[in-house]
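Given the structure of chain G, go ahead and fit chain E onto it with the hints provided.
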Amino acid sequence: MIKKFVNEFEQALLKLDRLTARRVSVEASRHFTAAKFVEKVVTPALERIGLGWEDGSVALSQVYMSGRISEEVVDALLPPSAPERTDQPRMAIAVFEDHHMLGKRIVYTMLRASGFELLDYGHVEMEGLIHRVKDDDVRVLLLSTLMLPSALRIKEVRRRLGDDIKIIVGGAPFRFDDELWVEVGADAMGKSGAEAVGIITRIAGDIS
Amino acid sequence: MTQKTMSSLQRVLTSLSHKEPDRVPFFLLTTMHGAKELGISIEQYFSQARNVVEGQLRMREKYRHDCYYSFFYAPIEVEAWGGEVLFYDDGPPNSGAPIIRNAENIKHLTPPKIEETPCLLKVLEATRLLKNEVGDDAPIIGVAMSPYSLPVMQMGFDNYIELMLDQPDLFAQLMKVNEAFCIAWSNAQLEAGATAICYFDPVSSTTITPREMYLKTGFNVARQTLAQIKGPTATHMASGRCLPIVEDLANTGTAIIGVSVLEDLAELKSACRGKLTVLGNLNGIEMRRWTLEQAESKVKDAIARAGSGGGFILSDNHGEIPWQVSDEILMAISEAVHKWGKYPLTWLEDHG
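Each protein sequence line maps, in turn, to chains G and E.
End of the first sequence sits at 203 in my numbering; the numbers just go up one at a time, nothing left out.
End of the second sequence sits at 366 in my numbering; the numbers just go up one at a time, nothing left out.
Derived by calculation from the structure, the hints in this document are not laboratory data.
Hints may be right or wrong, so weigh each one.
Stated by the list, open to error - Which stretches of chain E does chain G cover? Using the computed rule of at least three CB atoms under 8 Å from a CB of chain G, they are:
#1 108 to 116
#2 299 to 307
To be verified - To give a feel for the contact side, a few chain E residues facing chain G, derived at Cβ under 8 Å:
#3 Y102
#4 D104
#5 G105
#6 G170
#7 F171
#8 D172
#9 L179
#10 T220
#11 I222
#12 T223
#13 S253
#14 L276
#15 A280
#16 R287
All C-beta atoms, glycine included, are put in the ideal place defined by N, C-alpha and C.
In isolation and in its complexed conformation, chain G is listed as follows (with noise of 0.2 Å):
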């Protein structure tokens, strides 16, 4: 049963269907809790539409608005106060030193569908990034960048922060050079939206 919900989720975003996501949500939570169908239904339909922009199946506008389209479903079922969706390190997620926010939404958006809540700084520069994570205690810090010089500058931002944030990253330089978050003291690099979510579940797990 789990599988047929998982199909009709995943065709309903592909197909940009908020109608048929909602009826899906709403058959799926007379089977289980809500943060089940977020784990057993939501999470594997994005994981698989992530694995579709990896191949180049699925086009980003589809991955963008499959995210939006997520976080209204489990903002319904799972409000931001839900208890399940507190126990987790302290995450914030920015843009780095552009304006173009396109990847941050996904991933912000794939994490909330994901039933994580998390910081958004929106676009930041260097010390008001400094700063912010220091005063919020953030443990783990997601960075989008889409210009190579911010992507590289990100090994400044882990030396001022030093070894104890998990810092992760994502965005198109970091897809086009396999070996550059390692280059800038990354802990992990996500390809996708879906990666970020698997790669958040495991440091989640890691730090508490």
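Then chain E, alone, in the frame of chain G:
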């Protein structure tokens, strides 16, 4: 068999007609490296047309490639629409906050007048000066953002995707205004001396838009726009994939496609053979840490995959070489094209 050496323009035109010229044409799409040549900052470099002309002349003399690139930087068009451009010491200028903050603004949007827009006039001046200097020796490649891709900088990618899906009337209005600008801007560059226009259209790539949606949107925009540009055009996917839409791209009226390293060059060449010239696809991001040997091997491999029969121009896969790529690597790429790119490619028989 030996062939008489061709001029760069002859070489490119021969390859565009899907025949083999004397060697594989090679577009080294460098912009910021001109500032290095002149020993000035990137911001200073782009502040005057004369700097860009001097940079382009020096780089072509040094690297012996087959075009001049009158492109300054991607957000220059947003600057023309009143947007902010942010300069960096070590990378391309980037667009600031979007100029369309609210989709409703689209109803009142009007395109900038080229003759009253200093940043565009600077590009036209550089194009004219280049044309006066070089005549018909090598093509001058001008650049225009496609009306379909410009909104990423005008309003932000996420807002644009939602506009496209949820507000078709405002999307159509935005395309109408952007088309008028793109046509006027492209034709102004052609009149100033550009040989061809590189139509940057990454949003049409299947990396961003599924084919079904592309056919309803970016395809029609490109067909209408390219038909009114009074010169040859090359459509560049700026690192995006395009294999599933090669036939569609050919039907937009473009002559060349700039392809991604994410797709196999041999497959792309095979799909494009006789219809479109393939421009690509060296990985500019990785290029930064290539060794000299890797540079030669990547060039050789690209030529092996796509060189036969013409219809191929070697280039990077994004349309702009990153600032961090060293002169030594650019030189190694150039030497490799001159060594392995000579037609006929007899060494291919041994290469397997």
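Evaluation of the provided hints:
no.	hint	result
1	108 to 116	holds (count 5)
2	299 to 307	holds (count 4)
3	Y102	6 Å, holds
4	D104	5 Å, holds
5	G105	3 Å, holds
6	G170	6 Å, holds
7	F171	4 Å, holds
8	D172	5 Å, holds
9	L179	6 Å, holds
10	T220	6 Å, holds
11	I222	5 Å, holds
12	T223	5 Å, holds
13	S253	7 Å, holds
14	L276	7 Å, holds
15	A280	16 Å, violated
16	R287	21 Å, violated
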